[in-house]
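Protein chains in written order, with the working numbering: chain A, 1 to 270; chain B, 271 to 515.
There are no misleading hints in this set.
No farther apart than 30 Å at their CA atoms in a straight line, the calculated lysine-lysine pairs in the DSS-like style are these:
#1 A:Lys231 / A:Lys33
#2 A:Lys11 / B:Lys472
#3 A:Lys3 / A:Lys78
#4 A:Lys33 / A:Lys165
#5 A:Lys193 / B:Lys473
#6 A:Lys231 / A:Lys11
#7 B:Lys473 / A:Lys11
#8 A:Lys94 / A:Lys165
#9 A:Lys193 / B:Lys494
#10 A:Lys162 / B:Lys370
#11 A:Lys78 / A:Lys30
#12 A:Lys193 / B:Lys513
#13 A:Lys33 / A:Lys69
#14 B:Lys486 / A:Lys193
#15 A:Lys193 / B:Lys472
#16 A:Lys162 / A:Lys69
#17 A:Lys78 / A:Lys33
#18 A:Lys78 / A:Lys94
#19 A:Lys231 / A:Lys78
#20 B:Lys513 / B:Lys486
#21 A:Lys94 / A:Lys3
Counterexamples of contact, computed for chain B against chain A with all Cβ distances above 10 Å:
#22 Arg468
#23 Lys494
#24 Ile509
Hints were generated in silico from the structure; no laboratory data involved. For each residue, glycine too, the CB sits at the ideal point set by N, CA and C.
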Amino acid sequence: MGKVVVVTSGKGGVGKTTSTAALGAALAQKKEKVVVVDFDVGLRNLDLVMGAERRVVYDLVNVIQGDAKLPQALIRDKRLDTLFLLPASQTRDKDNLTPEGVEWVIGELKKHFDWVICDSPAGIERGATLAMRHADVAVVVTNPEVSSVRDSDRIIGLLDSKTLKAERGERMEKHLLLTRYDAARAERGDMLKVEDVLEILSIPLIGIIPESMDVLRASNVGAPVTLADAKSAPAMAYFEAARRLCGEDLPVVVPGEKRGIFSKIFGRAA
Amino acid sequence: MTKVLTDSRSIRIKGRSFLAVVLSPEQPLDQWLERLDDLAARSAGFFLSRPVVLDVAELKLDKAGLKSLLAELVSRNVAIMGIEGARPSMIEPGMPPALKGGKAASDIEVEPVSLATTVEVSEEPAKAPVTEIRSVVQSLMISEPVRSGQSVIFPEGDVTIVGSVASGAEVIAGGSIHIYGALRGRAMAGSLGNASARIFCKKLEAELLAIDGVYKVAEDIDPKLRGQAVQLWLENDTIKADKLN
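So that you can see chain A by itself, here it is in the shape it has in the complex (with noise of 0.2 Å):
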């Protein structure tokens, strides 16, 4: 049996999606075998950032109302043949998404997959509470801002109380995955430090995403970074990240924490 991951945040823009596909990649370069599933129904993404949008015939809301089957929808990435994604409908309505059949479409790819990535739409509706119903771990995506940090926290509290493993009365594994962080903004004090996030947030660092133009470059072409740039800063972070959620101790380094003594003394000069 897979282990279901649900990438979610509540706040939008703060790269769901880009973790999502990247995270996916990732674990699929280990050759394991992952699907990536999209339930932002109505604003899709998934499809472009994964370099599939032309791909896309049947997608989760067809599979849900019986006009496909699952493996009809599912479409293999062209550069990695263990990586699939299920993607969610543009023109339907989210009020398609059934409880019953999202448990069912899970449980299928559960069978079959070693990792099922949910990709989670903002907010905290319906879309957003049938993604993380049924998961077994939680990335939570934060940027270093109060606005961002105050809604992962309310995503937190959703996922102790309205999963199916909450209310199993177990506990949810939850990570924390920081992205777009910005060292030099975090030392001028534009951005909360890591350490308060962690503190406020009291869930355990899964990885620290550098803010890059890698990620925006890698999203235009279509590919996960980690598949367009694996040596880029923010790709090697999501690989730490995915060895991470594979359950690998590894210690996490603050980007820009390493500097020398003499770029700590420009920096403070400049």
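Position chain B relative to chain A; hints supplied.
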């Protein structure tokens, strides 16, 4: 004629919960009333000046039956403040209002206040009659952070939180609030009118603080206290705060 409102003071409306005695009559009613008379005879004035709620959910009474039951109780000086479990159509004007959503508390033991027919002499001091009505739980313990959007509401007593209260979360307690972590959300102590309730926290970054209906928003909090371990209490209807230790 237009009425000119010269007084801009608003009326203070508060919620408050009281512990009421609930009477649940059983069929046949005449026998139950007899037992009630017996109780009243043993414990004179038990119902005197006590709020009583009449629970008729199990009785299957009609309107006339309810009316006569009420009359029987009134004749025994039982002051009914509300009726639970009756259909709305059964309540007519002049009757006590319908109540719902009551929370169960422990049963009340009726201590027979007998006229000292047998005086027991023992070494132990005489057991004082149980006058205090204890609810089942009087403190609430939460050992994880209270997240944004969550509210902890505990009118029965004190709330202790081992963890932080996030921005956008709230804790409402009938008694005091103890937070072993940062308080970033709202804390309202003494919510049922307990002016001696206090708020304690390890790190004060609250959005709003209230004790017994008197409140302070973040702006009114002394900046020197921000981020400090603080206790807050009520003195002459104003919230006082001081650093702990």
